[in-house]
Amino acid sequence: MSSALVLAAVPIVLAAGLLALMKVPTNLQLTVTDSALVIEPQGLDRLWTRRDRIEVPLSAVFSIRIAPRSEAPPLPGRGNTLHLPGIITAGPHGTTFWDVRRGDQLLIIQCLPGAEFDALVLQFANPFATLTRTRTVLAPFRQAA
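Numbering (numbering that gives the first Met the number 0), first residue to last: 0 to 144.
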């Protein structure tokens with residue numbers, strides 16, 4: 000294959016990749032263990048976020064809620080993580096971890112000072128089910144605290 004053909008194909012592949020990003024939802028797994036909330040990006044989300052796993056100690060969780068994108072923590076200035084406005088925001092941005100595509104209803108986990116991140120902004124296919132399940136598991140821990 001000639002190098003000219005390869006060079007001509009690169010913009011097409013990049014455009015197809017951007018279109019795919021717009022259509023592919025986030026792929027996250029959220030698990031609650033005895034001591035932590037565990038967020039594990041799956042598939043390409045591991046590449047976008049540059050993380051295999053984030054553990055937030057239950058004692059560091061301040062609140063978990065669903066909020067529109069307009070209420071999410073602001074993004075800091077330019078960084079070295081993935082942010083294409085309206086398409087994808089993924090990885091650590093300042094003290095906030097993001098894995099969001101185009102969704103508006105986001106799961107926001109606020110953490111207490113001293114945690115790895117001040118907040119995690121995550122998009123799930125069904126954020127309300129994820130919130131309900133997580134709060135149900137956290138309820139006994141919160142009552143004991």
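It is worth saying that the hints were derived from the structure and are not from the lab. Built from N, CA and C at the ideal position, the CB exists for glycine as well. Keep in mind that the hints are not guaranteed to be accurate.
Unchecked claim - What follows is a list of derived Cβ distance ranges for each label pair:
1) LEU6 <-> THR30: 42 to 48 Å
2) ASN79 <-> ARG134: 29 to 35 Å
3) ALA7 <-> ASP33: 21 to 27 Å
4) ASN125 <-> PRO10: 33 to 39 Å
5) GLY102 <-> SER2: 39 to 45 Å
6) ARG49 <-> ARG134: 25 to 31 Å
7) PRO56 <-> ARG132: 14 to 20 Å
8) THR135 <-> ALA3: 35 to 41 Å
9) GLN104 <-> ARG52: 23 to 29 Å
Hints versus structure:
The hint said 42 to 48 Å for the Cβ distance between LEU6 and THR30, and at roughly 44 Å that hint holds. In this structure the hint that ASN79 and ARG134 lie 29 to 35 Å apart at CB holds, the actual value being about 34 Å. Between ALA7 and ASP33 the CB atoms are about 55 Å apart, so this pair departs from the stated range of 21 to 27 Å. For the pair ASN125 and PRO10, the beta carbons lie near 36 Å from each other, so the given range of 33 to 39 Å is met.
In this structure, GLY102 and SER2 meet the distance hint of 39 to 45 Å, their C-beta atoms being roughly 40 Å apart. For the pair ARG49 and ARG134, the supplied restraint of 25 to 31 Å holds, since their beta-carbon distance comes to about 29 Å. Our hint of 14 to 20 Å for PRO56 and ARG132 holds, since their Cβ atoms are close to 19 Å apart. A beta carbon spacing of about 59 Å between THR135 and ALA3 contradicts the range 35 to 41 Å that was offered as a hint.
For GLN104 and ARG52, the hinted distance range of 23 to 29 Å is satisfied, since their beta carbons lie about 24 Å from each other.
In summary, the numbered hints that this structure violates are 3 and 8.
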